[in-house]
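*Asks:* Could you put the whole structure together from the sequences, leaning on the hints where they help?
2 protein chains.
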Amino acid sequence: MNSIKVFCPASVANVSCGFDVLGFCLDGIGDEMKITKTANKGLIISKITGAELPLDPNKNVATIAASAILKNFNLDYGFDFEIKKNIKPGSGIGSSAASAVGAVYGINKLIGEPFEKKELIKFALEGEKYASKAEHADNIAPALLGGFSLVRCNKTFDIIKLPYPEKLYTTILHPEIELKTSHARSILKKAIPLNDVVRQSGNLAALISALYTKNYDLISKSLKDYIIEPYRSKLIPEFDLLKKTALNSGALGSGISGSGPSIFALSKGKEIAENVGQEMKKIVSKLPIKHNVYVSKINQKGVKII
Amino acid sequence: MNSIKVFCPASVANVSCGFDVLGFCLDGIGDEMKITKTANKGLIISKITGAELPLDPNKNVATIAASAILKNFNLDYGFDFEIKKNIKPGSGIGSSAASAVGAVYGINKLIGEPFEKKELIKFALEGEKYASKAEHADNIAPALLGGFSLVRCNKTFDIIKLPYPEKLYTTILHPEIELKTSHARSILKKAIPLNDVVRQSGNLAALISALYTKNYDLISKSLKDYIIEPYRSKLIPEFDLLKKTALNSGALGSGISGSGPSIFALSKGKEIAENVGQEMKKIVSKLPIKHNVYVSKINQKGVKII
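Residue numbers (the working numbering), protein chains in the order written: chain A, 987 to 1292; chain B, 987 to 1292.
Simulated from the structure, these hints should not be mistaken for laboratory data. Any given hint could turn out to be false.
To be verified - 25 Å max Cα-Cα, derived BS3-like pairs, lysine-lysine: (1) K1200(A) x K1141(B); (2) K1200(A) x K1103(B); (3) K1200(B) x K1147(A); (4) K1108(A) x K1023(A); (5) K1141(A) x K1230(B).
For clarity, every value in this text was computed on a predicted model and none was experimentally measured.
*Replies:* Next comes the structure, spelled out in structure tokens:
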């Protein structure tokens, strides 16, 4: 195989009560990446469309992640990357994770699959680390493995793939405002009141239970965030109204996707998810902010060849 | 029915990563309570054996919990309580919860079962609140319902009964030192570093997943406590050595039971659980401290008529 084209899915991290440990993978929203073997050693990015991102392989998440896997081998050839970004950088739905995951998945395939899918996480994280300055696998894991991912430990890459009920759909509202991950992280409290830790723990544990038992009602009750949302939501215009609108429109829950500014909602069935999107759009349309709305099934498969 | 005799099981709360939200029920270790209808209205405690506890019905957990359920009715008769305490008060394996649960379960049966089992939690909590000054259902819920219980919300009594692998056994070492719940709570940090919250969350979520998937290896990896154990363990003589001994003897995990001083371990199978108990006993036998060791299967049923 000399060339490969992969779909690099967007993902939602945190998922209300699962700060830095939970994430899920989206379907239909993602980048495309073509990787081709070259006669010369080294990595080249020959083309990026859809976003202003560095062509310098030392400054691009995709090639940094690719380098992390390739440094284990002494190859006498190189790779050329063509990237079509459909996920806007800084949108909060795992743009850098998609690039990192697409690159390590594609490279691994092209060099004869020396690594299993799960083993690719640590290489993808090298790229993610460059982009977000923090080492969290809660976008990487779902983008790579699909479905809902639980990151038990960010240090040992201990990832658990969780089940979920079949009719779970997500709605994403991306208001195009700039919100740096590093800033969204800096405004968080450094220490959390023990009472809030207990409330958050109860909901996180209940959400895991609800995913196993496919209990939509319990998913709905558990999608609460006492730790992060009260602070980060202030950075997102009309967050409270948008969330309330999502819930009133039938969503099971709603919150900030990753570090924002995107807002996600989870719903039972496509129809409700689309209704949620339309109602949120009505609100945000009144603001002088460009925006995108996506409705997606949870993507069970993760990154894939196209 | 004029009289009932119930077995009121001991329980382990917190379970390492599940502070104030997780608990499980023990088998074979528990109190016995006989409740008999009386011609006169009101509650009497005619006998308590096994522990020095108040006979005054306004000061005893069992009768306080019984009053909470009975205040919903205007009965023309009363009840007499005979309590055989096998669970030592202050041992950290749910002594007060056992009394509260036994009382509400027994009374509910004697008055024709107007409430479902789950509905009894709020009445039992009235007794627990009197004993521990804090309103937490993480002993009450497993003692009442059996198995592993998750308290999603302490305010709405939203309790989820979790599955667990069949061969799960627990070992309890109770060093007979005095350690008040209120003191054990007062030494805790009021606010938890966000990094520790994330680590604890990952393990709690993983433990829930491991219980559903009956994955002993993951149970073992998840039984970690970064929030409470580092502080409370200092109140328990030789805690670190006892825990290390439990793990070296084959336990999946070990930690403080409730607010201590009891230490619990979870093991795969009775044989390992007994070995863990013997090895811990060797350590504690060198100390000038009276102690008890119990080995128990997880109790699936909870409180029951005997």
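*Asks:* Hint by hint, which ones does this structure get wrong, listed from lowest number up?
*Replies:* As far as the earlier hints go, not one is violated by this structure.
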